[in-house]
Structures are given as structure tokens and as C-alpha cells.
Amino acid sequence: MKIVLNNWICKSSNFVSIVSMQVLIKFFLCLIMTISIVMMQLCFPANAENIPESCISSSNLKVTVLSISQLGLVHHARMHRIEHSKHKQEKTQSRDQDPSSRRRNEVTTLTNVSPDISASNALSEYNVDSAFSGIYHPPTKQWMALASEGASLKTAQPISTVAQFGGHAQVERALVTKTGLVNVRENVAFVLILENANTLRIKWNSISVNQRNFGDRAAPRHYRAIIMEAIRNETGYRVIE
Amino acid sequence: MKDLPLPNLLVEMLNSGRWKAPDDKELIKKIGIEDADDLSFLSLAGMESNTNQLRQLALNGYSDLMGLCSGNVELLPEGYLDVTKAIVIAATYGDEALCLDYSNSIEPKIVVTNNTGSSTRWLLVAENFEKFVEILGL
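The listed protein sequences derive, respectively, from chains A and B. The opening residue of the first sequence carries number 1 in our numbering; numbering runs sequentially from there. The opening residue of the second sequence carries number 1 in our numbering; numbering runs sequentially from there.
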């Protein structure tokens, strides 16, 4: 009986010491984690909302281990963001250092969707007879027109243009990219031709957009006045058919 | 153009500056172009960019609408153009075009877009480039 009791006491004390050790280990791990988290928050305060609360409050070992990897990811993401931001800044700086190339890209786009350069300023840089392929989205009243093949700047600097054949499909993609439009089936295509210093001639034919959306190469008549007004408002130019 | 040699006469006309739309718009309308005022006879670079766009359209879901096939067809449906064997040589802003069509031989035919209501198909304008030059009096 005595021997059995002694064995039991011995096992119990072993068990208690094992449990104590586990608790101690968990306590230290939590302590290290808490210190790490505080350090992370001090170093990268912007990411504080990304760190899960479980990292701080839970004493569960699995959650803690998971949290360590999460912290690593947060840190990695933060570092990546900093690198990306630096890269973007460098790119912007180099673009700004070459204002001529920046301007050449901006002047090829006429739009009422957050334009980099106003449509009237862009148009004033073009030679007469330059043409622009355009798309108008009736539900949002957003439109964009891109310089088409043959368009030329007064400075004779080269510019990128959309193709004459199928150019409306290229402009539609650009408008979708800029605005996030989902439904392109209501889009109306048009062409602007610079007639003189303050007049644009508008034409309405397109297979890739109008024929697809309305079964006719010509844009529906009921949209025409609205589109002409939108272009007149944005460019300040007289728009004639 | 890659794999598709331009007719010698076209190369000569490009080099000598003779490759330009005729002043007589009625002649252009006769070959099937509705927007005769807009028709541009393309430079070599223009041919390349418009031909690239033609190929993109075939890949991006415009095949039925614009009568385009992108190779790998045993029998080309009537009125369709195989974009891997075609070069755009003239175009309007409203998506009309004249193309060299090499689908049957090394000597290309000249075809033009033709609106059939809800879609577009391609019609023969001339059996060869010399005949095309003759029709337009270039």
C-alpha cells in the first residue's frame, strides 16, 4: 500500500512539474510574442490593424505559432509595400524628369474621366485633320477618345495612336480599364476630326462597337445630341456633324 | 510583312509616293467603301499596326461580327477572312477596310468589308493587285 502511495506521489509530482514546465514555456512564448508585437507596432504603426488580436491575448500554442508566421507575412508585406512604393516613386521621378515623353502620352487621350490634361489643352496641340476614336457610356455619361492613326502634333513629336481599323475596340478597353465598367453593351462609338482651331467634326460609324451593340454601324440617333453636348462641354470646341 | 510578301507593284507605289487614295470618291464607293472620305491608304507602319489589330479582333471575340477566322480552319466559310493570311492596306475610322487576302495563293486577292446588317463579311474587289490599281485608276 505504502509502495503504491509512494509511486502515485512520485508520478503526481512528475506530472505537476511537466505541467509547470509547459505553462512556463507558454508564458515565455507569450511574453516574447507580446514584446515582438509591441516592437512591430512601434516600427510599423500603419499595419497595427493587420495584426490579429489572438497574437496578444491567446495562450494557445498553435495560435501563437500561426501568429508568428502571420507577423512574418505582415512584415514581409510591409517591406514589399515600401519597396514597391520606392520603385513607383523612382518611376514617377524619372517620368517627371522627361516631361516631353509624359506630355506626349497625356495628349493622346481626350476624356471626362479624371483627365491628366484637359481635352481643350490636348486638342490645341494637334494639327488640323487629326482624328480621335471615341467611346461614350450613356448610363454614366463617361467618355474617352484616343488619337487615331494619322493624328499628328504641331511639334511633330511622335505619339502612340490606335489603329484605324478596330480602333474603337482599343478605346473601349482603355475606358473599361480606367473606369471599371462592366457592361459594354450600351457603349456608343464615334470619331472626332479636328476641323480647325475651334471645331470638331463628329462621325458615327463603327463595326466593332455600334454594329455589335445596336446592329447598325451608325450610332443610334437619340444618343447623338447628348454625346455632342458632352464633348462640347469638356473641350470647349464647337462640335458639328 | 512577316511571311506575306507585298506585291512588287505595291512596294513600288509606296516607295514612289503613288500609294494614296484617289480623289474620285465615287470610284472608292464603287468598290464597296461607304465612308469614302475617310479612306486612308496606309503606310507600311500603318499596314503593320492595322493588321495586328485585325488579328487581335479575331482573338478577342469579334470573329462572327467581323467575319474573321484565325487560321486552323479546313474550309474557310464564305465571306470570312483568315487573319493569319491577310494584310490591311487601307482603312476608314468606321472599321471598313481593304485587305490583301493570301488564303488561296501567294498572289493575293483584294477584299473589302461588306455590311450585311447585323454583321460584316468580306467581298472580292480584284483578283490581284494590278487589277485593283487598274479599277481605281491609281
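In case anyone wonders, no lab produced these hints; they're calculated from the structure. Even for Gly, the Cβ is constructed at its ideal location relative to N, Cα and C. A portion of the hints provided could be inaccurate.
Derived coverage of chain B by chain A (criterion: at least 3 residues anywhere in the stretch with Cβ under 8 Å from a Cβ of chain A; other residues may be distant) [stated by the list, open to error]:
| hint | stretch |
| --- | --- |
| 1 | 11-22 |
| 2 | 92-100 |
Partial chain B-side listing against chain A, Cβ under 8 Å, derived [stated by the list, open to error]:
| hint | residue |
| --- | --- |
| 3 | Ser40 |
| 4 | Ser49 |
| 5 | Asn50 |
| 6 | Gln53 |
| 7 | Leu57 |
| 8 | Leu59 |
| 9 | Val88 |
| 10 | Leu123 |
| 11 | Leu124 |
| 12 | Ala126 |
| 13 | Glu127 |
| 14 | Phe129 |
Structure-based check of each hint:
1. 11-22: It is violated, with 0 qualifying residues against the three required.
2. 92-100: holds (count 6)
3. Ser40: holds (6 Å)
4. Ser49: Where the cut-off is 8 Å and the nearest Cβ of chain A is about 5 Å from Ser49 of chain B, the hint holds.
5. Asn50: holds (5 Å)
6. Gln53: Holds: closest Cβ of chain A sits about 4 Å from Gln53 of chain B, inside 8 Å.
7. Leu57: holds (5 Å)
8. Leu59: violated (11 Å)
9. Val88: The hint holds - Val88 of chain B has a Cβ within 8 Å of chain A, the shortest such distance being about 5 Å.
10. Leu123: The hint is violated - Leu123 of chain B has no Cβ within 8 Å of chain A, the shortest such distance being about 14 Å.
11. Leu124: With Cβ-Cβ at 18 Å, over 8 Å, it is violated.
12. Ala126: Constraint on Ala126 of chain B not satisfied, violated at 19 Å.
13. Glu127: violated (23 Å)
14. Phe129: Since the shortest Cβ distance to chain A is 19 Å, the answer is violated.
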